[in-house]
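Hey, can you work out the whole structure from these sequences and the hints?
Read top to bottom, the protein sequences are chains A and B.
For what it's worth, our numbering labels the leading residue of the first sequence as 1, then goes sequentially.
For what it's worth, our numbering labels the leading residue of the second sequence as 1, then goes sequentially.
Simulated from the structure, these hints should not be mistaken for laboratory data.
The list that follows gives simulated cross-link-like pairs (lysine to any residue, SDA-like), each with its CA atoms no further than 25 Å apart: (1) A:Lys317 to B:Ala344; (2) A:Lys317 to B:Ala342; (3) A:Lys370 to B:Val314; (4) A:Lys323 to A:Thr242; (5) A:Lys323 to B:Gln341.
Chain A regions said to be covered by chain B (calculated; three or more residues, Cβ under 8 Å): (6) 55-67; (7) 85-95; (8) 122-133; (9) 280-294; (10) 298-307; (11) 331-338.
Model, not experiment: these values are computed from the prediction.
The beta-carbon is built from N, C-alpha and C at its ideal position, and this holds for glycine as well.
2 protein chains.
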Amino acid sequence: MSSSPPSSPSSSPTPSSSPAPSASASASARITALDVLDVRFPTSEELDGSDAMNPEPDYSAAYVVLRTDAADGQEGHALAFTTGRGNDVQAAAVAALAPHVLGLSVDTVLGDLGTFSRTLVHDPQLRWLGPEKGAMHMAVGAVVNAAWDLAAKRADRPLWRLLAEMTPEELVAQVDFRWLRDALTPDEALEILRRAEPGRRQRTARLLEHGYPAYTTTPGWLGYSDEKLTRLAREAVAAGFTQIKLKVGASLADDVRRLRTAREAVGPDIRIAVDANQRWDVAPAVAWMRALAPYDPYWIEEPTSPDDILGHAVIRKELAPIKVATGEHVANRVVFKQLLQAAAVDVVQIDAARVGGVNENIAILLLAAKFGVPVCPHAGGVGLCEMVQHLSMFDYVAVSATTEDRVIEYVDHLHEHFVDPVRIHDGRYLAPVSPGLGAQMHARSLADHTYPTGPVWAARR
Amino acid sequence: MSSSPPSSPSSSPTPSSSPAPSASASASARITALDVLDVRFPTSEELDGSDAMNPEPDYSAAYVVLRTDAADGQEGHALAFTTGRGNDVQAAAVAALAPHVLGLSVDTVLGDLGTFSRTLVHDPQLRWLGPEKGAMHMAVGAVVNAAWDLAAKRADRPLWRLLAEMTPEELVAQVDFRWLRDALTPDEALEILRRAEPGRRQRTARLLEHGYPAYTTTPGWLGYSDEKLTRLAREAVAAGFTQIKLKVGASLADDVRRLRTAREAVGPDIRIAVDANQRWDVAPAVAWMRALAPYDPYWIEEPTSPDDILGHAVIRKELAPIKVATGEHVANRVVFKQLLQAAAVDVVQIDAARVGGVNENIAILLLAAKFGVPVCPHAGGVGLCEMVQHLSMFDYVAVSATTEDRVIEYVDHLHEHFVDPVRIHDGRYLAPVSPGLGAQMHARSLADHTYPTGPVWAARR
Numbered sequence: 001m002s003s004s005p006p007s008s009p010s011s012s013p014t015p016s017s018s019p020a021p022s023a024s025a026s027a028s029a030r031i032t033a034l035d036v037l038d039v040r041f042p043t044s045e046e047l048d049g050s051d052a053m054n055p056e057p058d059y060s061a062a063y064v065v066l067r068t069d070a071a072d073g074q075e076g077h078a079l080a081f082t083t084g085r086g087n088d089v090q091a092a093a094v095a096a097l098a099p100h101v102l103g104l105s106v107d108t109v110l111g112d113l114g115t116f117s118r119t120l121v122h123d124p125q126l127r128w129l130g131p132e133k134g135a136m137h138m139a140v141g142a143v144v145n146a147a148w149d150l151a152a153k154r155a156d157r158p159l160w161r162l163l164a165e166m167t168p169e170e171l172v173a174q175v176d177f178r179w180l181r182d183a184l185t186p187d188e189a190l191e192i193l194r195r196a197e198p199g200r201r202q203r204t205a206r207l208l209e210h211g212y213p214a215y216t217t218t219p220g221w222l223g224y225s226d227e228k229l230t231r232l233a234r235e236a237v238a239a240g241f242t243q244i245k246l247k248v249g250a251s252l253a254d255d256v257r258r259l260r261t262a263r264e265a266v267g268p269d270i271r272i273a274v275d276a277n278q279r280w281d282v283a284p285a286v287a288w289m290r291a292l293a294p295y296d297p298y299w300i301e302e303p304t305s306p307d308d309i310l311g312h313a314v315i316r317k318e319l320a321p322i323k324v325a326t327g328e329h330v331a332n333r334v335v336f337k338q339l340l341q342a343a344a345v346d347v348v349q350i351d352a353a354r355v356g357g358v359n360e361n362i363a364i365l366l367l368a369a370k371f372g373v374p375v376c377p378h379a380g381g382v383g384l385c386e387m388v389q390h391l392s393m394f395d396y397v398a399v400s401a402t403t404e405d406r407v408i409e410y411v412d413h414l415h416e417h418f419v420d421p422v423r424i425h426d427g428r429y430l431a432p433v434s435p436g437l438g439a440q441m442h443a444r445s446l447a448d449h450t451y452p453t454g455p456v457w458a459a460r461r
Numbered sequence: 001m002s003s004s005p006p007s008s009p010s011s012s013p014t015p016s017s018s019p020a021p022s023a024s025a026s027a028s029a030r031i032t033a034l035d036v037l038d039v040r041f042p043t044s045e046e047l048d049g050s051d052a053m054n055p056e057p058d059y060s061a062a063y064v065v066l067r068t069d070a071a072d073g074q075e076g077h078a079l080a081f082t083t084g085r086g087n088d089v090q091a092a093a094v095a096a097l098a099p100h101v102l103g104l105s106v107d108t109v110l111g112d113l114g115t116f117s118r119t120l121v122h123d124p125q126l127r128w129l130g131p132e133k134g135a136m137h138m139a140v141g142a143v144v145n146a147a148w149d150l151a152a153k154r155a156d157r158p159l160w161r162l163l164a165e166m167t168p169e170e171l172v173a174q175v176d177f178r179w180l181r182d183a184l185t186p187d188e189a190l191e192i193l194r195r196a197e198p199g200r201r202q203r204t205a206r207l208l209e210h211g212y213p214a215y216t217t218t219p220g221w222l223g224y225s226d227e228k229l230t231r232l233a234r235e236a237v238a239a240g241f242t243q244i245k246l247k248v249g250a251s252l253a254d255d256v257r258r259l260r261t262a263r264e265a266v267g268p269d270i271r272i273a274v275d276a277n278q279r280w281d282v283a284p285a286v287a288w289m290r291a292l293a294p295y296d297p298y299w300i301e302e303p304t305s306p307d308d309i310l311g312h313a314v315i316r317k318e319l320a321p322i323k324v325a326t327g328e329h330v331a332n333r334v335v336f337k338q339l340l341q342a343a344a345v346d347v348v349q350i351d352a353a354r355v356g357g358v359n360e361n362i363a364i365l366l367l368a369a370k371f372g373v374p375v376c377p378h379a380g381g382v383g384l385c386e387m388v389q390h391l392s393m394f395d396y397v398a399v400s401a402t403t404e405d406r407v408i409e410y411v412d413h414l415h416e417h418f419v420d421p422v423r424i425h426d427g428r429y430l431a432p433v434s435p436g437l438g439a440q441m442h443a444r445s446l447a448d449h450t451y452p453t454g455p456v457w458a459a460r461r
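Structure follows, in structure tokens:
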């Protein structure tokens, strides 16, 4: 039997033209390798990245390289992000996908990435480990993203641009509408994309000139002193950011003092978001945030379990006009669908490496557009900024057609390891111009940080 | 910092007496090994187990053995169930927990399994792979269940009896109330358990005499001919079952014919449940079931995504009085909580190997009791019947105190591999009397089915 669900009409129609129109010379090229590396950074030695639920993360990546025997020698690079322990499990989940990928025709895969991603997501045996959640789904996302990186490189486009140049019909064909149709039909998705078609060229030009708004979490890690918080908050404003974010949730007294400190440092006009990293039950979330309300928090992020749609709806109702944001741990489009149906969030925080890759994130962007909710991606970690900026920029050009109330998270960690690191100027992400998804790391960084044998880790044993 | 969330009051109080009161001689005993085996059965060669989303499962187990240096030589056995591919990923997830377990004092672990389970669930790095879902959470469940098996063996009790003899306070201490308190507080849980205390002795005696009601899925796999369906359905009724189940969702015309065939075979008084294994979106679920309604289906199981709480609520409202059931793929107690809050299910289908083990299933049983919804466990696969019967029997003795409208699924696959296989008589599970959780397999079965090196698989290469 087919591993692709036959009831899903979204597996057709085939896009009328390939997103990777290159290389008739490589018509017989095959995928020859799916390599995965366990790469970890000893970030727990600093308190950068500390929050109420992640006291000591070692930012890590199950790093994926898709190789082919095409003459162009191009590779697809992507990663699944983890916070240290368990990165080996994540790598094993990626490796389990190799039999589904090796030997496939490069043109077939890249010519219909919608079918490729659905085939991985719906493997009838592997899906038992989810379905569509946890390590196995993140592995699918990494492999799908590696294929998109390869497609973008072969098309000589940064990913955002490859996506933004696809037709509405081609984009709709990327989406798995299974379990979405009560909230978003293929026809509605097409309508959203067609409505945004007219201004694509102007918005692309604007993006290339001005970039996309960012906010910064750099000042607000839990482990920082008030002095460091004040200094970094002022530096953020001076650097052009109009929004910063503070981690909260460990101690209410500390949080009141820290938010007051930050508010005094930045003045009334800068937005300050706060982030509890899932720390609370519903009632404590409401009570805690009411205590912080005098200092005008802009949004409360991850107030409770990422699975608790109904809990978020209650919190949002109780706390308005403080906004409610979540998404970095939301497992898939079905949970995002319900957060929107239940009016449970004001801000959708997509993550480049949590769900089933670019294809599922296109679905989530379309859902957010349907419900009129802004998307402000989660980023940070390692490589998340590099990857997710492409999705917001695509959203601006071809889906929501606006940057109003939209910002991409920025954290200034670990960018030096990337071949094409993000470029921030005056509080904005500059649009990437190099081909691909942006996740490719320097060979030296990969070798140094391979766990546990690389020199960075060998020196610590 | 502690890996156990400090805001959770449920980590205290410590139970007043240990659930494993044995062995002062072993006071210094330690956990010395956490072994994991990749064991697979080539069930896809038959069409037993075929359904609309699992056309060709190879029932498999990431099989866990917890060993100690105690003089009693007892081991804890449990398993995470998968359907073939990915069982290696599941085994890697179990192995990732070894550093959290090796060297721990046996008495400390078994004396407070609530804290033990919360420590595994909330590891601040491993939880990134969920949180509390997918392969990593199932691995936690398997290790927690292996510890319960060891506790029950050391207490010389079948697990259901060990649990049913714990005080309400001890049972409440097993539960992680994080994210539950808007639906169930520790005090409410205590009240539910205290209300059921008076009749424990009589219900235990009744269980030992009469067993617990079962239903059978044996007749209804999608791959069976109508003749085989008719024969097996009649055999099920003759064997004392009052409920059978049919898989549906591949073809409406076939399903109408099969359900009519089954109804004709068993008559009007036998309940026939149907199971779509997540196949539908919301509207098709309603339409398909309306076409089956003339044949009086008792419940529709997994009509759509296990994550779609709001979708289940709509389907239930539209289809009443046909009941809606789900749970075998519900990732954790937070999703079960919402299914109950949203009045989205009539039947809660716990699974012994999906969530974080016995502790989280106690939480789910308490939630179901709070909302007055019957629990009818999912079973089948390999070892799921052997394990989950203990949870229903505990529920009967000490939580819900009733078997009304409650049945445990029974499938007659692979029981011969278990040291203490389930015993079915007159359509009922007989209460287990051997110590432990029931998941222990014969050494020969493990060796034969080890993947890919065991003789069963070596012969197929």
